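Number of protein chains: 2
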Amino acid sequence: MNMIRIAVDAMGGDYAPKEQVHGAMLAIEKIKDIEITLYGEKSKIEPFLTSTERIKIVESDYVIDMGEKNPIRAIKEHPNGSMALALASLRKQENDAVVSSGATQALIAGAHILVRRMPGFKRTAIAPMIPSIDGRGTILLDAGGNLDIRPEHMLQQAYFAAVVAKEVLKREKPVVGLINIGTEEGKGRDIDKEVFTLFKETDLFEFYGNVEPKSVMNPPCDILISDGFTANIVMKTMEGVAKGMGEILKRELKSSFTGKLGALLAKKSLMNFKKSMSPEEIGGAMIYGLYAPVIKAQGASKAYGFYNGIRQAADVVRSEVFPKVAKYVAETNELSKNEE
Amino acid sequence: MNMIRIAVDAMGGDYAPKEQVHGAMLAIEKIKDIEITLYGEKSKIEPFLTSTERIKIVESDYVIDMGEKNPIRAIKEHPNGSMALALASLRKQENDAVVSSGATQALIAGAHILVRRMPGFKRTAIAPMIPSIDGRGTILLDAGGNLDIRPEHMLQQAYFAAVVAKEVLKREKPVVGLINIGTEEGKGRDIDKEVFTLFKETDLFEFYGNVEPKSVMNPPCDILISDGFTANIVMKTMEGVAKGMGEILKRELKSSFTGKLGALLAKKSLMNFKKSMSPEEIGGAMIYGLYAPVIKAQGASKAYGFYNGIRQAADVVRSEVFPKVAKYVAETNELSKNEE
Chain A
414 MNMIRIAVDA
424 MGGDYAPKEQ
434 VHGAMLAIEK
444 IKDIEITLYG
454 EKSKIEPFLT
464 STERIKIVES
474 DYVIDMGEKN
484 PIRAIKEHPN
494 GSMALALASL
504 RKQENDAVVS
514 SGATQALIAG
524 AHILVRRMPG
534 FKRTAIAPMI
544 PSIDGRGTIL
554 LDAGGNLDIR
564 PEHMLQQAYF
574 AAVVAKEVLK
584 REKPVVGLIN
594 IGTEEGKGRD
604 IDKEVFTLFK
614 ETDLFEFYGN
624 VEPKSVMNPP
634 CDILISDGFT
644 ANIVMKTMEG
654 VAKGMGEILK
664 RELKSSFTGK
674 LGALLAKKSL
684 MNFKKSMSPE
694 EIGGAMIYGL
704 YAPVIKAQGA
714 SKAYGFYNGI
724 RQAADVVRSE
734 VFPKVAKYVA
744 ETNELSKNEE
Chain B
414 MNMIRIAVDA
424 MGGDYAPKEQ
434 VHGAMLAIEK
444 IKDIEITLYG
454 EKSKIEPFLT
464 STERIKIVES
474 DYVIDMGEKN
484 PIRAIKEHPN
494 GSMALALASL
504 RKQENDAVVS
514 SGATQALIAG
524 AHILVRRMPG
534 FKRTAIAPMI
544 PSIDGRGTIL
554 LDAGGNLDIR
564 PEHMLQQAYF
574 AAVVAKEVLK
584 REKPVVGLIN
594 IGTEEGKGRD
604 IDKEVFTLFK
614 ETDLFEFYGN
624 VEPKSVMNPP
634 CDILISDGFT
644 ANIVMKTMEG
654 VAKGMGEILK
664 RELKSSFTGK
674 LGALLAKKSL
684 MNFKKSMSPE
694 EIGGAMIYGL
704 YAPVIKAQGA
714 SKAYGFYNGI
724 RQAADVVRSE
734 VFPKVAKYVA
744 ETNELSKNEE
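Chains as they are written, first to last, in our numbering: chain A, 414 to 753; chain B, 414 to 753.
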């Protein structure tokens with residue numbers, strides 16, 4: 414068996430290293446073809462590490478704060494920090510993927526500096542899974558806030574997502590939808606119209622057309638794409654509404670005796686409801702277009718959520734998503750060179 | 414008492430004219446200083462009209478379909494349709510405000526053609542109220558999908574919203590927040606940075622700064638503003654998540670006996686929960702920057718929701734929102750002429 418080597422930033426996250434270490438042990442138990450390297454402080458990790466089967470620790474000397482204001486400097490000035498060491502191990506081919514629940518901006522910056530882009534891939538994208546009514550989830554991109562984008566870049570990103578959807582999520586024929594303010598062709602800004610035209614003609618994936626976020630939780634597609642500003646707004650609005658509705662529901666149920674009693678009886682249903690909106694259940698966000706997979710698990714990850722991030726990383730490596738996309742990108746770049 | 418004259422498009426909406434007529438009668442009963450003119454077909458309205466106190470009917474000969482593909486043509490070709498007649502009555506000063514739950518795009522197009530803009534107001538905006546955790550609601554604009562916008566236009570729109578917030582919603586010192594992908598100054602696209610700079614210096618309203626949609630339901634402000642594309646995406650994402658979460662909750666509660674029993678006991682709490690996310694409770698969306706108020710009630714409005722639209726229209730007229738904004742716009746236009 415070819416072992417998949419996962420680098421875990423054991424120190425990043427709201428509940429690190431405890432939940433990261435527990436998540437790693439859970440992954441080892443459930444996934445037989447992985448080995449894990451925990452990057453972190455031995456003295457803080459060891460109290461939680463009850464088994465060392467296929468797990469080793471590499472000592473680190475720094476943790477990037479979750480609210481770090483200058484992530485680029487933090488990464489550069491602390492090459493032996495847990496996140497930097499984990500990321501750097503990819504380029505050295507010591508590991509196949511990184512999972513971290515550390516500060517998002519630091520992870521993105523660190524990935525660009527230490528892992529670097531896949532040759533020919535123009536703009537990396539952050540792709541979280543967002544919840545859907547049917548529980549299968551939808552890939553959203555680019556949630557990373559990258560504002561500088563062209564339709565050709567979005568085509569590469571959408572293709573990457575389609576490969577992930579097919580190979581990892583096992584969607585037979587992945588369908589891509591363009592987030593827009595109306596469903597008809599011709600709606601939206603110039604970039605939206607250009608992307609529509611480009612996607613309509615591609616045979617890289619099936620293009621559904623425009624999708625209004627009214628159907629963000631039951632979209633007619635596996636992948637929802639927009640520029641980094643818009644998709645980030647969609648993601649954060651979903652988060653805001655899920656949180657807001659959760660709070661209102663809790664308040665209303667607590668406001669009367671029958672409400673409280675009803676909630677007690679329906680406890681399991683309410684737990685499932687809560688879980689269906691939780692990113693923990695689905696896994697982390699992946700950075701598309703790097704040299705190797707980097708998965709961002711939620712900062713507030715508990716062991717199970719973090720385990721899901723590791724599982725996702727192992728799935729991506731096992732199904733060879735990155736080599737497949739790299740091959741396509743190399744070929745299309747070769748083609749466009751010949752055309753010149 | 415100065416009577417406020419409300420024009421009601423009795424034929425537009427999924428449940429027209431029944432719910433519109435019932436809503437109008439409810440408004441007459443609850444609001445003493447209004448008179449209502451129902452525009453519609455007498456023969457269809459009269460079966461629901463049990464009182465004619467302060468209500469009269471003006472006969473119309475056409476209803477614009479809710480899914481009308483060419484709203485501009487529909488308005489122009491049917492000047493005696495219920496929506497067109499109601500809108501045209503504003504310019505003739507026969508009425509002070511219009512309330513319609515007819516097709517949104519037709520209402521916007523019709524308002525521009527038949528009501529026209531307030532002199533000097535550069536870009537109209539659609540401003541719905543979105544639900545907040547505290548139940549007070551937040552003004553969102555521009556939800557209308559207008560892509561062609563400049564910071565100065567957004568300043569006019571934000572000022573309009575601030576006057577509405579103060580005079581109609583009774584917020585002492587209305588605060589405006591700019592929807593953005595991060596909270597720090599300097600985040601976002603060029604337009605966002607320019608708006609930030611402009612709003613920071615105004616004394617027309619208090620400017621909070623950037624607001625991420627993570628806090629869309631508990632924002633640190635009374636008004637959330639962005640361009641017509643982004644705010645439309647926020648509104649539709651909220652709608653999609655509210656619908657999706659509602660469906661998941663219903664499914665989970667129905668999936669077990671204890672869930673069903675709990676739901677039965679907590680029925681009142683669950684109803685309140687549902688109501689808290691319903692646009693019916695808050696009122697309609699207003700079009701800012703017209704010659705007179707036009708309120709768009711939800712297409713699916715029932716009597717109570719439609720009544721809320723009428724109440725809102727009466728509040729806007731009574732508190733003289735439009736004359737106040739018109740005065741400001743005229744003065745600033747005079748100023749900028751003098752500067753030339």
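There could be a bad hint or two in this list.
The list treats identical chains as one, so a pair stands whether inside a single copy or across any two.
Restricting the straight-line Cα-Cα distance to at most 30 Å, the calculated cross-link-like pairs of lysine-lysine (DSS-like) are [said to hold, decoys possible]:
1) 579 <-> 687
2) 663 <-> 627
3) 667 <-> 688
4) 606 <-> 482
5) 680 <-> 482
6) 673 <-> 740
7) 740 <-> 600
8) 489 <-> 600
9) 469 <-> 680
10) 740 <-> 606
11) 535 <-> 600
12) 656 <-> 505
13) 606 <-> 489
14) 673 <-> 535
No wet-lab data here; the hints were simulated from the structure.
Remember, predicted model here, so these are calculated numbers, not experimental data.
Each hint tested on the structure:
1. 579 <-> 687: within (28 Å within a copy, 37 Å between copies)
2. 663 <-> 627: both (24 Å within a copy, 19 Å between copies)
3. 667 <-> 688: both (20 Å within a copy, 16 Å between copies)
4. 606 <-> 482: Classified as between: cross-chain Cα gap 19 Å, same-chain 36 Å, threshold 30 Å.
5. 680 <-> 482: Answer is neither: 40 Å inside a copy and 46 Å across each miss the 30 Å cutoff.
6. 673 <-> 740: Neither: 57 Å inside a copy, 53 Å across copies.
7. 740 <-> 600: neither (34 Å within a copy, 35 Å between copies)
8. 489 <-> 600: between (43 Å within a copy, 23 Å between copies)
9. 469 <-> 680: neither (40 Å within a copy, 53 Å between copies)
10. 740 <-> 606: within (28 Å within a copy, 39 Å between copies)
11. 535 <-> 600: both (26 Å within a copy, 22 Å between copies)
12. 656 <-> 505: neither (41 Å within a copy, 47 Å between copies)
13. 606 <-> 489: between (40 Å within a copy, 28 Å between copies)
14. 673 <-> 535: Neither: 54 Å inside a copy, 52 Å across copies.
Going through the hint list in order, the structure does not satisfy hints 5, 6, 7, 9, 12, 14.
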